[in-house]
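**Q** Sequence:
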Amino acid sequence: MRSADSRPSLYRDIEYLGGACAFAGEVRVAINHEALFDEFYHYEVEEFCQFMHCFGAPAGTVLLQEGEEGDHLIVLLSGQVVVRKTDLGGAVHSLAMVGPGSILGEMSMIDGERRFASCVAAEPTRFAVMSKADLNEIVALHPRLANKFLLMLVRIMVGRLRDMGARAISPLSKPLV
Numbered sequence: 227m228r229s230a231d232s233r234p235s236l237y238r239d240i241e242y243l244g245g246a247c248a249f250a251g252e253v254r255v256a257i258n259h260e261a262l263f264d265e266f267y268h269y270e271v272e273e274f275c276q277f278m279h280c281f282g283a284p285a286g287t288v289l290l291q292e293g294e295e296g297d298h299l300i301v302l303l304s305g306q307v308v309v310r311k312t313d314l315g316g317a318v319h320s321l322a323m324v325g326p327g328s329i330l331g332e333m334s335m336i337d338g339e340r341r342f343a344s345c346v347a348a349e350p351t352r353f354a355v356m357s358k359a360d361l362n363e364i365v366a367l368h369p370r371l372a373n374k375f376l377l378m379l380v381r382i383m384v385g386r387l388r389d390m391g392a393r394a395i396s397p398l399s400k401p402l403v
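Start counting the sequence shown at 227; every next residue gets the next number (the numbering used here).
Since the hints were made in silico from the structure, they are not lab data. Treat the hints with caution; some may be incorrect.
[To be verified] Using C-beta positions, here's what the derived DEER-type ranges look like:
{"id": "1", "residue 1": "Asn373", "residue 2": "Leu314", "range": "24 to 30 Å"}
{"id": "2", "residue 1": "Glu272", "residue 2": "Leu377", "range": "42 to 48 Å"}
{"id": "3", "residue 1": "Gly293", "residue 2": "Val255", "range": "31 to 37 Å"}
{"id": "4", "residue 1": "Gly316", "residue 2": "Ala366", "range": "16 to 22 Å"}
{"id": "5", "residue 1": "Val255", "residue 2": "Ala285", "range": "20 to 26 Å"}
{"id": "6", "residue 1": "Met323", "residue 2": "Ala392", "range": "39 to 45 Å"}
{"id": "7", "residue 1": "Arg310", "residue 2": "Pro369", "range": "31 to 37 Å"}
{"id": "8", "residue 1": "Asp297", "residue 2": "Pro369", "range": "27 to 33 Å"}
{"id": "9", "residue 1": "Leu367", "residue 2": "Pro234", "range": "16 to 22 Å"}
Glycine included, every Cβ here is placed at the ideal spot set by N, Cα and C.
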């Protein structure tokens with residue numbers, strides 16, 4: 227059994243709460259808000275907690291910065307986070323307000339590209355972090371569980387892609403007839 231005991235080098239300026247095993251109950255409650263986690267048993271959530279670290283951030287804290295490199299994702303445990311994107315003209319647009327159970331930063335963790343958007347705590351927020359190295363370790367040690375998690379991430383990304391496509395096409399659409 228692995229334990230996420232040592233503080234990761236991420237988020238040096240944000241309150242470190244410890245390994246997620248101590249927050250397994252809070253993680254389970256948070257992910258109950260997301261239907262995509264319904265396929266996970268309690269013991270599987272506890273397995274994941276062995277590979278995550280928890281942090282607490284005050285309102286206004288940038289959790290993920292658009293354009294920065296990133297190799298981790300976050301799972302919101304409490305609070306609200308606004309997802310923002312800067313357009314080519316420099317104007318900042320709010321894309322979404324998300325709460326407990328939401329996963330953010332998954333695209334950069336998977337593809338290694340820079341962050342697509344910024345995620346800013348709208349209120350005091352607690353979150354768990356999983357790095358790409360942690361995910362790779364889960365793949366090696368718990369392949370069935372990792373497969374389940376990766377399929378869930380694919381569903382999240384496909385849902386977001388569909389939503390963004392619908393938003394982009396709606397104002398531009400004209401009837402074909």
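**Q** Of the hints stated earlier, which fail here?
**A** 1, 2, 4, 6 and 8
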